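J.: One letter stands for each residue in the lines below.
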Amino acid sequence: MTLPEPFRLLAYLAGVMAFVGVNAAYLVWVERKGAARFQRRPGPTEVGPAGLLQPLADAAKLLSKQLLVPPDADRTLFRVAPVLVMAPALMCLATIPFGKTLGARSLDLGLVMVFAFGSINVMAIMLGGWASRNKYAIISAARIVSQNVAYEIPMMLVVITLIMVTGTTNLQEIVEDQAGGFWKWNVFNLAANPLMPVTFVIFFICMLAETNRAPFDMAEAESELVAGAFTEYAGMGFGVFFMAEYANILVGCSLGAILFLGGWQSPFGILSGVGWFLLKLYALVFTVVWVRWTFPRTQFYGLLNLSWKILIPVSLGTLVLTCIMLKIF
Amino acid sequence: MKRVILEIVGGFKSLLTGMRITLQQFFKKDVTVRYPHESLKMTKRYRGHVVLLRDPETGKSLCVACKSCEKACPSDCIVVEGIKREGEKKKSVTEFELDFTRCSLCGSCVEVCPSDALGFSKDYNLASTTKAEFVKIDLVRRMEGEIAADAAHAQPQPAIPPENPPGGTSGSAAGGTPAATGIQTGSEKPAGQEGKA
Numbered sequence: 017m018t019l020p021e022p023f024r025l026l027a028y029l030a031g032v033m034a035f036v037g038v039n040a041a042y043l044v045w046v047e048r049k050g051a052a053r054f055q056r057r058p059g060p061t062e063v064g065p066a067g068l069l070q071p072l073a074d075a076a077k078l079l080s081k082q083l084l085v086p087p088d089a090d091r092t093l094f095r096v097a098p099v100l101v102m103a104p105a106l107m108c109l110a111t112i113p114f115g116k117t118l119g120a121r122s123l124d125l126g127l128v129m130v131f132a133f134g135s136i137n138v139m140a141i142m143l144g145g146w147a148s149r150n151k152y153a154i155i156s157a158a159r160i161v162s163q164n165v166a167y168e169i170p171m172m173l174v175v176i177t178l179i180m181v182t183g184t185t186n187l188q189e190i191v192e193d194q195a196g197g198f199w200k201w202n203v204f205n206l207a208a209n210p211l212m213p214v215t216f217v218i219f220f221i222c223m224l225a226e227t228n229r230a231p232f233d234m235a236e237a238e239s240e241l242v243a244g245a246f247t248e249y250a251g252m253g254f255g256v257f258f259m260a261e262y263a264n265i266l267v268g269c270s271l272g273a274i275l276f277l278g279g280w281q282s283p284f285g286i287l288s289g290v291g292w293f294l295l296k297l298y299a300l301v302f303t304v305v306w307v308r309w310t311f312p313r314t315q316f317y318g319l320l321n322l323s324w325k326i327l328i329p330v331s332l333g334t335l336v337l338t339c340i341m342l343k344i345f
Numbered sequence: 018m019k020r021v022i023l024e025i026v027g028g029f030k031s032l033l034t035g036m037r038i039t040l041q042q043f044f045k046k047d048v049t050v051r052y053p054h055e056s057l058k059m060t061k062r063y064r065g066h067v068v069l070l071r072d073p074e075t076g077k078s079l080c081v082a083c084k085s086c087e088k089a090c091p092s093d094c095i096v097v098e099g100i101k102r103e104g105e106k107k108k109s110v111t112e113f114e115l116d117f118t119r120c121s122l123c124g125s126c127v128e129v130c131p132s133d134a135l136g137f138s139k140d141y142n143l144a145s146t147t148k149a150e151f152v153k154i155d156l157v158r159r160m161e162g163e164i165a166a167d168a169a170h171a172q173p174q175p176a177i178p179p180e181n182p183p184g185g186t187s188g189s190a191a192g193g194t195p196a197a198t199g200i201q202t203g204s205e206k207p208a209g210q211e212g213k214a
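Protein chains in written order, with the working numbering: chain W, 17 to 345; chain F, 18 to 214.
In short, the hints are calculated from the structure, not lab data. Some hints could be false.
[To be verified] In silico EDC-like pairs for lysine to aspartate or glutamate, Cα to Cα no more than 20 Å straight-line:
| # | chain 1 | residue 1 | chain 2 | residue 2 |
| --- | --- | --- | --- | --- |
| 1 | F | Lys46 | W | Glu47 |
| 2 | F | Lys84 | F | Asp155 |
| 3 | F | Lys46 | W | Glu62 |
All of these numbers come straight from a predicted model, not from anything done at the bench.
Only chain W is shown next, with the shape it has when bound in the complex:
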């Protein structure tokens, strides 16, 4: 079914915004419940059945708070930063194919676009930290920039490896290439590169680092930097940053599912559809939560060492290996 153009646009706009909104709110719940289960606590239980209304209560609280701008802050940048964090995540979802016929736009440069907008996220958090005129926020901004520079490189090397295998940057085509069962998924595409699972792990680690998730949440290291770049934000300003974190996780995990796990393709080759995509997406999201509540935060030099000394050489190695394999076979 295809709607006529302006309505289709509006439908996808509303759909993507609703998807991000509901997910950002309920991933907070998932995170809290998950954290609680990993620590053998019940988690939120009081608001609604199993605490399911907790996100609404939180939102009501945040929305009713006064919007404060610190007197020394750069007012414009300070207000723009939360929007700039949220907007790229929404933009990225426009290229994500949820199903065979479900996707806002099938761009030829979809993958490139996701990464282009993904870097705006970093800049926006940096702007927020800079505009706050707060020492913790500025330290956090500096950290996030160096962290993202370090992790963008292995991420890109991994993506280049993948583009060489698939030969396209259109996300829909990448998914269609992986049709026919889980052994056709890129993560098991050992003919193109025997180290493909390693590539996937590198992608996942870089995704965690780029979305500032524990154990790489150096930007928001509570024990050192109060709340990092978000220190001066009150009420919904903070709320939007918080939602954007989950929106970015959503984008990162969607990308992981599409590039490596066959997107909406079924693992058995039949009954492909949106359900499989969501299943893979949430399995990855669960792993993100799982990782967060398993590993303690790394130290900053540990984080950079991991990137420059391990991830970059290994991903370069897989890139070269893929070149050789593609040339020979």
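On the provided structure of chain W, position chain F as indicated by the hints.
T.: Then chain F, alone, in the frame of chain W:
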């Protein structure tokens, strides 16, 4: 080169081991006591505020109002009065007030008691917004509440469970009937409200 690769592989393995352990915890039962809804039963030797113990046979207080506790109390926070009832050998207690704002829970009164009529309660939900709640904890009234609760308990299964006795005694508070389970459900009134008429 070989050492580096081994280190990476070994490190990654240890990460997976960590994740396996947390996932095992994920599927285990949680250990939280949902506090306002349920609370832990205190251990046998928990020393809460002083309570009057009862004779397990007659159900009446063992106290003979000798006032030894009153004298032994270093904080001077106990007031005991008793009368000699007709046909009874010993005096019986009519008034036993504990000023819990001054009590240091030293246990001298329990130790000195010649008739073993004093013990420690198991109440730990002692909280109030006013000091007055704890200035005079009336232990005789508290004990009467326990007697009433026991009487209600002894009746053959009333259709509607009896309400909490006016003293607001919690089920496990005094040494009478220890609950079988470690965790008891149902809200408990802070014991501090007892003394207030």
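J.: Please go over all the hints and tell whether each is borne out by the structure.
T.: Status of the hints after comparison with the structure:
1. F:Lys46 / W:Glu47: With Cα atoms ~18 Å apart, Lys46 of chain F and Glu47 of chain W stay inside 20 Å; holds.
2. F:Lys84 / F:Asp155: Distance of about 16 Å is within 20 Å: holds.
3. F:Lys46 / W:Glu62: The given pair, whose Cα atoms are some 19 Å apart, holds under the 20 Å limit.
Going through the hint list in order, the structure satisfies each hint without exception.
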